[in-house]
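Q: Add chain B to chain A, keeping to what the hints say.
Single-letter residue listing:
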Amino acid sequence: EAGVTQFPSHSVIEKGQTVTLRCDPISGHDNLYWYRRVMGKEIKFLLHFVKESKQDESGMPNNRFLAERTGGTYSTLKVQPAELEDSGVYFCASSQGQGFGYTFGSGTRLTVV
Amino acid sequence: GENVEQHPSTLSVQEGDSAVIKCTYSDSASNYFPWYKQELGKGPQLIIDIRSNVGEKKDQRIAVTLNKTAKHFSLHITETQPEDSAVYFCAASTVYKLSFGAGTTVTVRA
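Order-wise, the sequence lines are chains A and B. Residue 113 in the working numbering sits at position 113 of the first sequence, and the numbers go up by one each step. Residue 59 in the working numbering sits at position 59 of the second sequence, and the numbers go up by one each step.
Honestly, the hints are just simulated from the structure, not real lab data. Heads up, the beta-carbon is just placed ideally off N, CA and C, and yes, glycines get one too. A couple of the hints might just be wrong.
Said to hold, decoys possible - Derived lysine-lysine pairs resembling BS3-like cross-links, with alpha carbons at most 27 Å apart: (1) B:Lys71 with A:Lys44; (2) A:Lys78 with A:Lys41; (3) B:Lys68 with A:Lys44; (4) B:Lys42 with A:Lys51; (5) A:Lys41 with A:Lys15; (6) A:Lys78 with B:Lys42; (7) B:Lys58 with B:Lys68; (8) A:Lys78 with A:Lys15; (9) A:Lys41 with A:Lys54; (10) A:Lys44 with B:Lys22; (11) A:Lys44 with B:Lys57; (12) B:Lys71 with A:Lys41; (13) B:Lys68 with B:Lys57; (14) A:Lys41 with B:Lys42; (15) B:Lys57 with B:Lys37; (16) B:Lys37 with A:Lys41; (17) B:Lys22 with A:Lys41.
As the list claims (entries may be wrong) - Beta-carbon label-pair distances, calculated as ranges: (18) B:Gln14 with A:Asp30: 40 to 50 Å; (19) A:Lys54 with B:Asp27: 16 to 26 Å; (20) B:Glu79 with A:Tyr74: 39 to 49 Å; (21) A:Tyr74 with B:Gln14: 41 to 51 Å; (22) B:Thr10 with A:Asn63: 33 to 43 Å; (23) B:Gly1 with A:Thr76: 19 to 29 Å.
Stated by the list, open to error - Quick partial rundown of chain B residues pointing at chain A, CB under 7 Å, derived from the structure: (24) Tyr32; (25) Lys42; (26) Pro44; (27) Ser93; (28) Val95; (29) Tyr96; (30) Lys97; (31) Phe100; (32) Ala102.
Okay, chain A solo, but in the shape it has when bound:
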């Protein structure tokens, strides 16, 4: 089966610009998660979708971040406007059941200059 696909793999934008990251989960996986690793620190939870519904967005840093999953398939994560501290690697993961069997994508490395 195809894995979790993320694109772009890299993005370099200027402070104040907008960037949209996309994640295509494994087909049939209702659960989709976004995580972020900043500056070589631990990978941190951002939010969790079950189908098209946001179950938990407690990890979203602030209202500059907006995640959507229209139709319960792919998801987008928009950062608007981007700040320097938003730089990091954004990972998407999906699972069939909750809490186990995660498959991670390769991540999007975001650099804000």
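A: Using the frame of chain A, we list chain B on its own:
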């Protein structure tokens, strides 16, 4: 919230030797403990996991132990090979949210 600490941050071992990575967690409700391996340019890949009702699990050269009383768990890699070089993450979870350690960069010297 859950706090996971991972040690060491870097580990260099001679090929054929064993590598051990240790993690502690704070939330006694955590019941699922996966380990991930991340190679350059790839996302974290699950290599082994353990649930709270099990004390030890082994898969070929990889084993994980869990001490729920002390709230710590460890990854053991035996007979290390160059392809074991990567960043390893431990994580703890209650329902769906994974809390990760900061990662251990393992280098296997030929």
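Q: If a hint holds in the structure, say so; if it does not, say that too.
A: Against the structure, the hints:
The hinted pair formed by lysine 71 of chain B and lysine 44 of chain A meets the criterion: a straight-line CA distance of about 20 Å does not exceed 27 Å. As the CA atoms of lysine 78 of chain A and lysine 41 of chain A are separated by approximately 22 Å, the hinted pair is consistent with the 27 Å bound. Simply put, lysine 68 of chain B and lysine 44 of chain A have alpha-carbon atoms about 23 Å apart, close enough for the 27 Å limit, and the pair holds. Distance hint between lysine 42 of chain B and lysine 51 of chain A is fulfilled; the C-alpha atoms sit about 25 Å from each other, no more than 27 Å.
Between lysine 41 of chain A and lysine 15 of chain A, the direct Cα distance comes to roughly 22 Å. Compliance with the 27 Å bound is thereby established for this hinted pair. Between lysine 78 of chain A and lysine 42 of chain B, the direct Cα distance comes to roughly 22 Å. Compliance with the 27 Å bound is thereby established for this hinted pair. Taken as a hint, the lysine 58 of chain B and lysine 68 of chain B pair is honoured in the structure, with Cα atoms around 18 Å apart against an allowance of 27 Å. A distance of roughly 14 Å separates the Cα atoms of lysine 78 of chain A and lysine 15 of chain A; the hinted pair therefore holds under the 27 Å criterion.
Pair hint lysine 41 of chain A plus lysine 54 of chain A holds up; C-alpha atoms about 25 Å apart against a cutoff of 27 Å. Restraint check: the Cα-Cα separation between lysine 44 of chain A and lysine 22 of chain B comes to about 19 Å, which is no more than 27 Å; the hinted pair holds. Among the hinted pairs, lysine 44 of chain A with lysine 57 of chain B is consistent with the structure: their alpha-carbon atoms are about 26 Å apart, no more than 27 Å. Distance hint between lysine 71 of chain B and lysine 41 of chain A is fulfilled; the C-alpha atoms sit about 22 Å from each other, no more than 27 Å.
Between the alpha carbons of lysine 68 of chain B and lysine 57 of chain B the distance comes to roughly 14 Å, so the proposed pair stays at or under 27 Å and holds. Between the alpha carbons of lysine 41 of chain A and lysine 42 of chain B the distance comes to roughly 17 Å, so the proposed pair stays at or under 27 Å and holds. Between lysine 57 of chain B and lysine 37 of chain B the alpha-carbon distance is near 17 Å, which keeps this suggested pair within the 27 Å criterion. For the proposed pair lysine 37 of chain B and lysine 41 of chain A, the alpha carbon gap of about 15 Å is at most 27 Å, so the pair holds.
Between lysine 22 of chain B and lysine 41 of chain A the CA atoms are separated by roughly 17 Å; this keeps the pair inside 27 Å, and the hint holds. About 45 Å separates the C-beta atoms of glutamine 14 of chain B and aspartate 30 of chain A, a value consistent with the hinted range of 40 to 50 Å. Roughly 23 Å separates the CB atoms of lysine 54 of chain A and aspartate 27 of chain B, a value that falls within the hinted 16 to 26 Å. At roughly 41 Å, the beta carbons of glutamate 79 of chain B and tyrosine 74 of chain A sit within the given window of 39 to 49 Å.
Taken as a hint, the range 41 to 51 Å holds for the pair tyrosine 74 of chain A and glutamine 14 of chain B, whose Cβ atoms sit roughly 45 Å apart. In this structure, threonine 10 of chain B and asparagine 63 of chain A meet the distance hint of 33 to 43 Å, their C-beta atoms being roughly 37 Å apart. Distance hint check for glycine 1 of chain B and threonine 76 of chain A: the Cβ-Cβ separation is about 26 Å, which falls inside the suggested range of 19 to 29 Å. Among the interface hints, the one on tyrosine 32 of chain B holds; its C-beta lies about 6 Å from the nearest C-beta in chain A, closer than the 7 Å criterion.
The interface hint given for lysine 42 of chain B holds, since its Cβ lies 5 Å from the closest Cβ of chain A, which is under the 7 Å cut-off. Because the beta carbon of proline 44 of chain B sits about 5 Å from the nearest beta carbon in chain A, less than 7 Å, this interface hint is met. Evaluation of the serine 93 of chain B hint against chain A yields a held restraint, the C-beta minimum of about 6 Å falling below 7 Å. A least Cβ separation of about 5 Å between valine 95 of chain B and chain A falls short of the 7 Å threshold, and the interface hint therefore holds.
Interface hint at tyrosine 96 of chain B: satisfied, since its Cβ lies 4 Å from the closest Cβ of chain A, which is below the 7 Å cut-off. Taken as an interface hint, lysine 97 of chain B checks out: its beta carbon lies about 5 Å from the nearest beta carbon of chain A, inside 7 Å. For the restraint placing phenylalanine 100 of chain B at the interface with chain A, the shortest Cβ-Cβ distance is roughly 4 Å, inside the 7 Å limit, so the hint holds. Taking 7 Å as the C-beta cut-off, the interface hint given for alanine 102 of chain B holds, the closest approach to chain A being about 5 Å.
When the structure is compared with the earlier hints, no violation turns up for any of them.
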